[in-house]
Each structure stands twice: as C-alpha cells, then as structure tokens.
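Trainee: Those protein sequences? They're chains A and B, same order as listed.
The numbering of the first sequence is our numbering, which starts it at 75 and goes up by one.
The numbering of the second sequence is our numbering, which starts it at 405 and goes up by one.
Keep in mind that a hint or two might mislead.
Here are the simulated BS3-like pairs of lysine-lysine, each with C-alpha atoms no more than 30 Å apart in a straight line [said to hold, decoys possible]:
| id | chain 1 | residue 1 | chain 2 | residue 2 |
| --- | --- | --- | --- | --- |
| 1 | A | K147 | A | K134 |
| 2 | A | K134 | B | K467 |
| 3 | A | K168 | A | K187 |
| 4 | B | K467 | B | K479 |
| 5 | A | K134 | A | K227 |
| 6 | A | K134 | A | K168 |
| 7 | A | K187 | A | K147 |
| 8 | A | K187 | B | K479 |
| 9 | B | K467 | A | K147 |
| 10 | B | K479 | A | K147 |
| 11 | B | K467 | A | K187 |
| 12 | A | K147 | A | K227 |
| 13 | B | K479 | A | K227 |
| 14 | A | K168 | A | K147 |
| 15 | B | K479 | A | K134 |
| 16 | A | K187 | A | K134 |
Because the hints were derived from the structure by calculation, they are not lab data.
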Amino acid sequence: MKFLLALLRRLGAWFGGKPSLEVKGALGALPAFDPTSSVDADELLARYFVHPRKYSAVTKKLKPEAFVPHPHKEMSVFRIRELETENIRDLGQKEFADRLTEAKPLLGWGQFKHRVLAEPSVSLRLARWNRSDNAHPRHRDVVGWPVIQNDPKETKAKQKEVALELAERTLLVLVSS
Amino acid sequence: MTLTRHTPYGIYCTYSAGNSREADLVQQVLQAAIRSELQSATLSGARISALADLDGFYVIAAKHGWDGEDALPVKNEAYVNARRFLSLMPRNWSKPEISADPDGEVAVEWHGGTRRRLSISFGPDERLSYAWLNGSERGHGTDMFIDEIPSGIAAQVGRLVRR
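One chain only, chain B, in its complex shape (with noise of 0.2 Å):
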C-alpha cells in the first residue's frame, strides 16, 4: 500500500506499507512521476521560486489587515488560482513578485526594466484582471483564466519580462 501525499509546498511524500507485485509497480510509477516533478521543478527555478512565495506570502495575507491598513484577507479561492497560473509558467519567465491587493486579490507582477511593468489580480472567480506599461504604451483588460494562461497575457509577459 503506498500513499502520496501533495504538501502545500508541492513536494511529494510517499509512504510504502505493501510488498505485493501491484504495489511495487505502483510505487515504481510514483517515484518516476516524483523524479519527473522533481527534474521539472530543477529547470523551472523562477516558478519554483514565485509558488513558495506564493505560499510564504498566503500564510500572512489570509487575516484582514494584513499590510497594517485595511486590505481584506487574501481568500483561499484566489489563492488557488495564483498558485494555478505561477504553477502553469513557462519556464523562460522570470520571477515575479507576489502581494495582493486591498480588496483581497492577490497581485502578481513582472518587472521588465523602466516602464515596462504588468501586474494581474486573481480573485476568487475565473475572471483575472490585468494591466501593462511598455514605454509609452499602457492598457488594461480582463480575461478568462480556466485551464491554460490566456494568450493576451501570454503575449505581454513575452513582449515585456520574458528572459
């Protein structure tokens, strides 16, 4: 019997209590998944980075007034879809720096020079709001955020922060 357990920091722990041949198998394809996760997690050091400070920051922005103003709590439900979206970076990103916003969302922005800024709130919902600087350029949007990173913002991290 072997049993995986998914730690809030994303690394796996597996616990063997079997010595069947099924169990042995199960437990070979575990470690080959763990080995994986753990190769991807070496090449992907930006995301690695920005989802433990994700889970740092969560610990302290989930009480009201946690910037010693009056910002809402950071809710469990946007704190989830951040750590979706860090969770789904491509790997030439750079690391952004995560905070939230008075009303709750989290915030997560990439810096990419002198004016040249994007920064996106996750609330508890699918829809994400964002807005850029690229020199004189600047805009705003909103999209939707299910199971890929919208290509909108896609195309705005690459124009701005990609490494």
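Isolated chain A (complex conformation) (with noise of 0.2 Å):
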C-alpha cells in the first residue's frame, strides 16, 4: 500500500499535477538553527529537486544538470544539519518545492559533505547567510562556479566537469524510498 501511495504521487509529478494522495508525515516544526553558525567540514548539505530526469534510476546518482547553476550563477543548497531524514523531507516540501512557480511534490535530494566543495576537483565555496536576502535560515548558495572569458560553451564543459565530480560524491535520497 506504501508503494501503491508513492507510485500515484509519483505518477502525479510527472503529469505535472499536484498529488492526489499525500505521503504520511506532516510537517513538524524544525529544531531552532542559527544561520551565522560556522559549517563544518563533515556538516551535510542538500539539493532539492523535483523532476525524475534529474537522477539516474539505474545508477542511483544524480546527473550533473542536478547541479549547473542556470539561470543564476550560484547553485542553492539547504544545511541539514541536526535534521531527521523527514524534517529534511519536510524542509524541502515547504521551502523548495512548495516555492516553485508552480508547486511540485518533492521527489528527492542529494547530499554531500561541506568538504567536497574545497576539493580541488570541485573548488566551490559556500555564500555567506545575508539576512537582507530574507533567506531561509538554512538555505545557502553555492557559488564559485568557474567561468572562462568569452567562452560559453567552454565555461559550460568545465562546469559541468564540476557538476559531474559533484554528482559522483553525492548521495541521493528519494522521497518513496
């Protein structure tokens, strides 16, 4: 029955309706979290999506467009730090997914340790919080992002070298799973 409810969820996404049938687990409130916080090394971070082209469902791993910044040049992530697997759920539901022009279910995320980010295969950085973006709390941007001057389609090959390294290192998470 579990299954039955996830698959009609599912189906519902991708005929780009809202779901008919709503997965148990309402949204709890999220422990108190202070955006100014340092971010650890091993700290998680998470990238919201909600279409299936976004993963693989034969590798399991999400491709690199999961993660090429477009139209803006940072990538958002959320910090899930001292979350449970369903207030993580949850967090992207009302603050991601619910945030679209038009509001989708959530179907997954990856996660990745802060650290990935420093490697020099990688080389991004986590944006500070500003306060004045009226952000959420643990939503960051990911920027950094390599550019190559007057050369689009070289600055796409090399981001989306990046974007593969990152896809590699990231765990994904399906929301029926």
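Need the complex rebuilt from these two chains, each delivered in its own frame; the hints are there to steer you.
Mentor: Listed below in structure tokens is the structure:
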C-alpha cells in the first residue's frame, strides 16, 4: 500500500499535477537554527529536486544537470545539520518545492559533505548567509563556478566537469524510499 | 506513385498509388531501403532505444520550466543535433541516459560504473560541450559535430562505456 501511494504521487508529479494523495508525515517543527553558525567540514548539505530526469534510476546517482547553475550563477543548497530524514523532506517540500512557480511534490535530494566543495576537483564554496536576502536560515548559495572569459561553451564544459564530480560524490535520497 | 514519409520516430511509412513499371521499381528500391533500416534497427537496440527516449523527452522538455524549476525549453535545433549524434552511435555503445541542462541544451550521459561517466551537451549550434570522469582522471572539452562523431568523444566513450 505504501508503495502504491508513493507510485501515485510520483505519477502525479510526472504529469505535472499536484499529488492526489499525500504520504503520511505532516510538516513537523524544525529545531531552532542559527544561520550564522559556522559550517563544519562534515556538515551535510542538500540539493533538492522535483523532476525524475534529475537522477538516474539505473545508477541511483544524480545527474550533473541537477547541479549546473542556470539561470543563476549560484546553486542553492540547504544545511541539514541535526535534522531527521523526515525533517529534511519537509524542509525541502516547504522551502523549495512549494515555492516553485508551480508548487510540486518533492521528489528527493542529493546530500554531500561541505568538505567536498573545497576539494581541488570541485573548488566551490558556500556564500555567507545574508539576512537582507530574506532567505531561510538553512539556505545557502554555492558560488565560485568557473567561468572562461568570452567562451560560454568552454565555460559550460568546465562547469559540467565540476557538476559531474559533485554528482559522483553525492548520496541520492528519494522521497518514496 | 509512391510516397515515403520519415516520421519523428524513424519509421518509414510507404503509400503506393501507381502501377507503372517505374513505380514498381521505385517501390522495390524503397522496400529494400526499409528492410535495410529495420535490419539495422534490430542490430542496434541501444541506439533505437536512445532515440525513442530522446523523442519522448523532447515532447516534455520543449516548454519552459519542464523540470519544475526554471529550465529553458529545449530548442528544436538542439534536439535535432542530439538526434543526429545518437543516430550515428556505433552498435557497440551502450544506451545513454537523456535529459537536458537548465540552459536548454540536451544532455546525453553514459555510465560505465563508479567514477566512469561521460556527459555531452548539445545546443542549437554545431559546437558541443562534454566532460568525463574516469577513475582518478577527469576532463572536459568542446568539439565541432558536423557529419561524424568527433574522434575525441568516440575515444572517451570507448574507454568508459563501450559494451
């Protein structure tokens, strides 16, 4: 039964409609969080998504397309420190999926350690939380994506390489699992 | 009079309305071509499956925000370029996965196991972008795709994911 509910929900998402059935687990209160707290190297970050083409059902890995920043120059993530899986899901539904132009059911997220961003093969960093952005306390932007001057194709290729590395280092979590 | 139409799914439809000797000859030639195409399709399931996946995906991805976020629509020229590339896939290549980048380029990716991946992006023009991981090695590049699969990309696929 649980599987059928998840399947119906997924089909609803696939055809662009809102879910006709909700999985159990209402939005719980998240623990208080200081957005200015330092981000430890082992702290987990989550990258949410709502479309099944963002990951491979065969390899259970996110695709690089899930990370390449566009139309913005930064990539949004959420700090998920001290959160249970249900809390991470609820955070993504409320603060990401429900805020899209057309609200969608959250399909899943990729999670990786903060230290991955600093590795030479990735070379990205978290932007500081800015109160004036009116962002959620757990939201951060990943910045520092490489840009090759006057060559958007070369820029695209280099960013794709970084995104591939990031995708390979990320653990996929699906809402229905 | 024989009319042959190439459908979006690569299937030939033949309509015959003539009974002259020339019409019969034309029909025989066309039927031979169809047999050849079908034989080729049978021998290359990965290629046919990838093309079908791309065709189905394009229907979804041709509109703005197809991914539920801000993805640009996949342009017809990008779809055509990706389709042309997949049509040239050698038979010993495995089936890639199809998606699109948020900027509207078609993304085609091959997996060959842990840290063995190659991803190519097809835009509206003939210059494609690609990146790969192969164990501890990684890289990226751009190449022109005009009539045949660029040799650098063919070599990478060969190293990573050839069946």
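Trainee: Work down the list of hints and note, for each, if the structure agrees.
Mentor: Status of each hint after checking the structure:
| no. | hint | in the structure |
| --- | --- | --- |
| 1 | A/K147 to A/K134 | holds, 27 Å |
| 2 | A/K134 to B/K467 | holds, 26 Å |
| 3 | A/K168 to A/K187 | holds, 23 Å |
| 4 | B/K467 to B/K479 | holds, 9 Å |
| 5 | A/K134 to A/K227 | holds, 28 Å |
| 6 | A/K134 to A/K168 | holds, 24 Å |
| 7 | A/K187 to A/K147 | holds, 21 Å |
| 8 | A/K187 to B/K479 | violated, 36 Å |
| 9 | B/K467 to A/K147 | holds, 22 Å |
| 10 | B/K479 to A/K147 | holds, 22 Å |
| 11 | B/K467 to A/K187 | violated, 34 Å |
| 12 | A/K147 to A/K227 | holds, 15 Å |
| 13 | B/K479 to A/K227 | holds, 16 Å |
| 14 | A/K168 to A/K147 | holds, 23 Å |
| 15 | B/K479 to A/K134 | holds, 28 Å |
| 16 | A/K187 to A/K134 | holds, 18 Å |
Consistency note: the structure conflicts with the earlier hints numbered 8, 11.
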